[in-house]
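Peer 1: Protein chains in written order, with the numbering used here: chain A, 1 to 221; chain B, 1 to 175; chain C, 1 to 495.
Derived from the structure by calculation, the hints contain no laboratory data.
A hint or two may mislead.
Not close to chain C: a few residues of chain B, all C-beta gaps over 10 Å, as computed [as the list claims (entries may be wrong)]:
1) ASP21
2) GLY36
3) PRO54
4) THR82
Straight-line Cα separation of at most 16 Å, EDC-like style, residue types lysine to aspartate or glutamate; simulated pairs [stated by the list, open to error]:
5) LYS438(C) - GLU38(A)
6) LYS60(C) - ASP21(B)
7) LYS164(A) - ASP76(C)
8) LYS172(C) - GLU147(C)
9) LYS400(C) - GLU127(C)
10) LYS44(B) - ASP21(B)
11) LYS17(A) - ASP488(C)
12) LYS44(B) - ASP112(B)
We put the beta carbon where it would ideally sit given N, CA and C, even for glycine.
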Amino acid sequence: MRIALFITCLNDAMFPKAGIATVTLLERLGHQVHFPQEQTCCGQMHANSGYAVAARQLEQLTSSVFGGADAIVSPSGSCVAHLRAHTALPVYELSELLVDVLGVTEVGARFAHRVTYHPTCHGLRLLRLGDKPLRLLRAVEGLELVELPDADQCCGFGGTFALKNSGVSGAMLDDKCANAAETGAEYLAAADNSCLAHIGGGLARRPGAPKPIHYAEILAS
Amino acid sequence: MTGGGAPMSELLHRFAERAGDYRADVRLCSQAELPGVLSGLLGKEVVLPQGVPPEWVAGLATIVDDGLSPADLDRPQLSVLTGCAVAIAQTGTLVLDGGPGQGRRLLTLVPDHHVCVVFAHQIVADVPDMFTALPDPTRPLTMISGPSATSDIELNRVEGVHGPRRLDIVCVIDK
Amino acid sequence: MTGSAQPRRVVALGMPRHATGPLAAPITAPEPFADAAARKLKDTQLRANLGHATRTIRDKRAAVVAEVDDWEALRDRAAAVKDDVIARLPELLARFASAATAAGATVHHAADAQQANDIVLGLVQAEQADRVVKVKSMTTQEIGLNEVLEAAGIAAIETDLAELIVQLAHDKPSHILVPAIHYNRSQIRDLFALRMPGFAADSDDPAQLAGAARRYLREQFLSAQVGVCGANFAVAETGSLVIVESEGNGRMCLTLPRTLIAVVGIEKLVPHMADLGDFLRLLPRSSTGERMNPYTSIFTGVTPGDGPQQLHIVLLDNGRGAVAADPVGKQALRCIRCSACLNVCPVYERVGGHAYGSVYPGPIGAILSPQLTGQQAGHNRSLPYASTLCGACYDVCPVKINIPEILVHLRQTGPKPLAERQLMSALSWVMRDRRRWKAALRAARAGSAPLRLMTRRRGHTLRRAPWPLSAWTAHRDAPLPAQESFRDWWRRTHE
């Protein structure tokens, strides 16, 4: 299957590993990935920060760049949720593409580590990913999946919320990091690098806490 | 005829269980057993609304409401005995509509002890059924689910703030 | 019953307008949410109380909601009923007024808080009452009725235990359902000892404290001439009002005083009595986490020989008409004030209700207050930002108000700081063209190269950054741009 990749602006600039992993994984499964060079940003940040006009422009840009694609994959739950709500694009979060479209849960990965998973609010409540990412992770050879206490609680990122209400965001982050540390996991995985940048930034200040990782990187290993 | 032999309908069973969940004391009996059960529950002073069948309280000293003042009703030993219009199984709720045997709203509010008789045929499944079962929903309706309660202090449930602190429900299994 | 009475002519709603003026204060944040929240965050006792309370109610709610097989269908139906009401407000208000009048009530219309307070004050003064007993009512808090009555020398006695606690403390409610959740038992005992006439209790056992309130309030109930209430629902076809409560204080106020005054927001309408079936299944489960609350009163006009012989119903707009005219924001008028959204909100859980600066706190407050007053009022424009858009509130809302959608809508239609507008505009200009985007990536990479070197032992995260990014690094390390962007990797490996 020929699959278009929407990398997202954040992954492109800061976390290319998630995109590289997505490409590696899909190619390993025998699919052809293509990357439309004109893409930039889906408009989510502008929309949620209150900038409707800019958001519409970026949504339209993304729509035209990906127009005609049969399937678009993106390693970012919140961007997928935004595009699904505001465009007609056939866009899938990675676990949706793998489990629902391609019918795969066993992706041939090996990752011999203790991992806990944060489901992220957009994955949980907007995309209703359910246990799709967990099914993929459980099938990874050597991986020990441990439950994250209060996993459904928001990590406190919320885009500009992390700046505008920095203290409240920090308090939520503290709880998320404490729960992550309690699992004794080596890695905290999630399907969204925006949340992970925030959680990872908190975990970096806790010696011995899990390291943040996009779950695509685990599936590609 | 007696409670022991009759198969309890599912609604009655559920109503009794759910009313009990909200700390009402629930008893089941037959029609014949009703006066005995009531005399065991009621105190020395019993107020009745008009329309309570006299055979329920044969031999008991009762006062029938003829415009009692709130102060008359605000006495510690007083019990009030009523029937109800409908009862709701799913939520363990009594519904009073001021009809015969139910009386004015303050009768079941000011006294500290309320004993309510429910007949099995009065029990409906869930809240929406109540509105079809009531003869006239524009009468003053009071829905009662357990004794009054508050959780306002550290979320600790305390029973009996302003309404009756004790609620006894007697379910009568129909003949 | 005065069936022959002519229904009062319903005043035309006219141009929808916001709640304004000094009497909009109870729903107007006096300072930015972020400032108030930062202060509240330091109150560790408050956070512990809130954490315990919200978690307890949240779990209870989840258990009783799980019992209902058709919960989602219930939510859909209730939302549809409320949407229909919002679309037909003038018609249903007229129907309600005429039915209530026919049943013996007197119906008044108030465009704003000022008018409502004037009407209520006039009615109480006409009764020559020096005090009123009150059922807990968000609507009377919204219009600041107690303060207006007090200023006229009339004591407004809150009879809900939590509201009484808050009133005796000269404080404000911090939660819609459990307004005194920020007090613990020993604080309440001290407060009662100080301010409750005749208080005598040697312990701070909640049962003893509740008993003291019972004794104190019973005197008030038995002697009060006027009761004041709100309503959870108002039935258009019959003119009936519905009051949902737990303690019995509501029933006392609704049955003992000679005169009852109900202040009812116009969005409380439902078309038919039968509609209550769904709402009475949704509300207690969503609110207290009970299958049913201890007491619900449904009454229609005046009943001879039973309860108040004078019933006044004040139908309040106070900005609701303006909300109804907003295609996205109007969903907020579906709200039945259950407070389920507060209990699941991670922001509310950490700062409590006072941070929202309005009698309507939490997620619902963040969309309701700025809509009722308009975003220009006070600092209400900061409220739509008091959320991470996590969506937990939408999931539990019994009438399916898409709170995140309205928050975003309010952000998009509200005022924003100039510097932020310029930054966002520059960012979107860069992002609208891939060449500019590529150049920006390259510049960011080059600019951060020295930092990458400095932070390589920490995994390339930055511990301290200058303003405005210091708001980020105050609580977490900041990531640095990657050494090679994804698109550069792609070109290197795939082209």
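Peer 1: Each of the hints needs a verdict: does it hold here or not?
Peer 2: How the hints compare with the structure:
1. ASP21: violated, 8 Å
2. GLY36: Given a closest Cβ separation of 29 Å, the condition holds.
3. PRO54: holds, 22 Å
4. THR82: Holds: least Cβ distance 14 Å, greater than 10 Å.
5. LYS438(C) - GLU38(A): Judged against 16 Å, a Cα distance of about 10 Å means the pair holds.
6. LYS60(C) - ASP21(B): holds, 14 Å
7. LYS164(A) - ASP76(C): violated, 34 Å
8. LYS172(C) - GLU147(C): Between LYS172(C) and GLU147(C) the Cα gap is close to 12 Å, so the pair holds against 16 Å.
9. LYS400(C) - GLU127(C): Given pair LYS400(C), GLU127(C) is violated - Cα atoms ~42 Å apart, limit 16 Å.
10. LYS44(B) - ASP21(B): violated, 28 Å
11. LYS17(A) - ASP488(C): Answer holds: LYS17(A) to ASP488(C) is near 12 Å, not above 16 Å.
12. LYS44(B) - ASP112(B): holds, 13 Å
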